[in-house]
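A.B. asks: Letter by letter, the chains look like this.
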Amino acid sequence: MPERSDLPPSDVETTGHEWDGIKEYNNPLPRWWLWTFYVTIIWSIGYWIVMPAWPLLSSYTEGLFGYTNRKSVMAEISQAQAAQGKYFERIHTASLEEIRADRDLLEFALAGGRSAFSVNCSQCHGSGAAGFKGYPNLNDDHWLWGGTLKDIQATITHGIRSELDEKTRQSEMPRFLADGILKAAQVNDVAEYVLSLTNRATDKSAADRGQKIFAEQCVVCHGAGGKGNTELGAPRLNDPIWLYGGDKETIVATVSNSRRGVMPAWGGILTPEIIKKLTVYVHSLGGGK
Amino acid sequence: MEQSVTQPTTAIGVETIDVEAVGKRETGKLYQKRVKIHPKRVYGTFRSLKWWVMAVTLGIYYIAPWLRWDRGPNAPDQAVLIDFPARRFYFFFIEIWPQEVYYITGLLIMAAMGLFLVTTVMGRAWCGYTCPQTVWTDLFLVVERFVEGDRNARIKLDRAPLSVTKFSKRTAKFAIWLVIAMGTGGAWVFYFADAPTLAKQLIDFDAPTAAYITIGILTATTFVLGGFAREQVCTYMCPWPRIQGAMVDEDSLIVTYRAYRGEPRGPHKAGESWEGRGHCIDCNQCVAACPAGIDIRDGLQMECISCALCIDACDTVMEKVDLPRGLINYDTLRNLASRGKADADKTKILRPRIIVYAAVWLMVGLFMAYVLASRSDLDINVLHDRNPVFVMLSDGSIRNGYTFKILNKAYIDRSFTLTTEGVPNAELSVVGAADLTRGSAPIFTVEPDQLRSFRVFVAAPGADLAGETAPIRFVLRELEKDTMATYESIFRGPKR
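Top to bottom, those sequences are chains R and W.
Using our numbering, you'd call the opening residue of the first sequence number 1 and step up by one each time.
Using our numbering, you'd call the opening residue of the second sequence number 1 and step up by one each time.
Please note that a few of the clues may not be correct.
EDC-like mimics (lysine to aspartate or glutamate), calculated; alpha carbons at most 16 angstroms apart, straight line [what the hints assert, rightly or not]:
#	chain 1	residue 1	chain 2	residue 2
1	W	Lys409	W	Asp379
2	R	Lys227	W	Asp395
3	W	Lys348	W	Asp331
4	W	Lys409	W	Glu100
5	W	Lys166	W	Glu144
6	W	Lys36	W	Glu15
7	R	Lys289	W	Asp395
8	R	Lys133	R	Glu249
9	W	Lys405	R	Glu107
Hints in this document: simulated from the structure, not taken from any laboratory.
Using the sequences provided together with the hints, build the complete structure.
C.D. replies: Here's what the structure looks like:
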């Protein structure tokens, strides 16, 4: 087999560059390569003419095809909306229970609800809806304002203590210490009683005293035995789920200064269909009644 | 450099062709215009074998999409179908879902190992017999020979000035090429849609644009690669000639010229003695037959696609001059080197690398066959929620959420019940199942050939949990059947 060294010395001139005795031939480009190169040049000229290409001072050359990314995205969106049209129609007319009973509709609502939740709700409630201190966990079965589909829909639509919605969820717990309704020792007793509801009291006699105060001051909203009242947004006190914290210090602070969390009324922001999807989604997180 | 017309000279009906191999190293320049190659028709064992291979491979390619395979209702009845919109691949009794694309990995490994194995045993047999470029070029050459005649006629025609005859011959050739090329592109698209339906759509100009574009592109590539580019594809575009250098060793069967027998070569007149000379009569028939434009007598070369047509050409000559066949033949470099020497070094066919390639090929194949045979038409996939990892409920119990996917690969509606094992007093609830009530065993229904996703919640009293995590086992049973699928996952609770 001929070796490379058998190759005849080329009559092609070199570029004149030399490195360590290695010279560079000035061979012409392979023809197929050259033609491909010419074709790309011709292609680019055509591209400048039909597509947006050159920046001008305050605009750009728009091209004969009038193509823009925005237009194509809009076309895709309207296509997707058309494809979803029949579901939107059904979401619009169906009741929440009907959505939940129809599997296709449910899947559609859950998918839409999940993305609406990520955009609008996750900032406070967290992307997994597990909540933070002061922002309730929506996965559990402890509901401040009720966990039925209807309750959830009303809460999302009208918000909580929203200044922009007349039908908003409204209630105010008194600031027992700050407003001088109870004395510090009494607040301590009430806190001991609240702890005793989940069998965590440290001072039996204080808890007994607190029970009397609770019966006078708290039972109207929180109910006998601290069973809560979703009509008034008064949380259950006899379960292990706490919005602000269930240790004694936090309970004392809550009783002393009250807590008045707020949530926007989404009725003026989101369409009723999206609120329906959100309702079904939040309900599906596991705690829905 | 120019190939020239035959000048009949020597013996016993053997014409000596005045031709120099286009790809000859000594005369070739690194940069030169392509010299057109006009391969001469040959007859013989390998030519016949190649006709058969061509018939079988092209037959498979053109006929496969038209084969039917009954899969029952709710499924296409095309035996080989790549259904992109539905994301399914059908191959007779096999149906591949998108998540099973790893089968393709296995097939690719097998293809690579098979190629290595074949190359190690007998050089570029793939290139010479079955590569589409070879097969279609061969087919295009058949047309060329049919319209324009064999080598000499073609060379004459090439040199002739444009005339009515030349123009009509060229037109006829290009027309037939175009029909073949369109058939090639046309057959391709039938693998991606129901063939009879698509055929009707294509005729009615009612088919998807993608089909027409695909046919157009493949028509163009077939026409150009088979009609004009030919050996340049193998020499310049294909990486395999470079790789084969690492695959072929001195024990591989390659198409070789037995120089020890052929040299010294020279013209031979009828009746002359063979004493003191080699058997090669320098008739250049092997060079004229070569579609890659090389002289096999220069040894193993990168351009050689091992098509073995030079063997046939030489054997024909050897028979005419009454010498044994096989001056050019499949042989190994080790054999060539040891012939004529006393200490003959025998070629070993069974070498470690062959055993390794074959073993890997077989292992991957058996593994894939096992996986394929043992896979169920029911699959489940359970993904434990990460956000939140667990939820405490108002009665103090701990609840975990799971995304539960059921793949029903059968073509019928199926219903299932779900139970769990491993977590004491676990209570199941499901969003999206037919039965949405808490407590009672939920029933899952999945449509034919569908994947359905459900939200499954498992709640267990916190006091019953031993640690932060517990293994949990989901058992899905088909209603009124034995089919079941299980999945091991975990159940998480608070730190203790």
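A.B. asks: Compare the structure with each hint and give your call.
C.D. replies: Structure-based check of all given hints:
no.: 1; hint: Lys409/W x Asp379/W; result: holds, 8 angstroms
no.: 2; hint: Lys227/R x Asp395/W; result: holds, 12 angstroms
no.: 3; hint: Lys348/W x Asp331/W; result: holds, 12 angstroms
no.: 4; hint: Lys409/W x Glu100/W; result: holds, 12 angstroms
no.: 5; hint: Lys166/W x Glu144/W; result: holds, 13 angstroms
no.: 6; hint: Lys36/W x Glu15/W; result: violated, 21 angstroms
no.: 7; hint: Lys289/R x Asp395/W; result: holds, 15 angstroms
no.: 8; hint: Lys133/R x Glu249/R; result: holds, 15 angstroms
no.: 9; hint: Lys405/W x Glu107/R; result: holds, 13 angstroms
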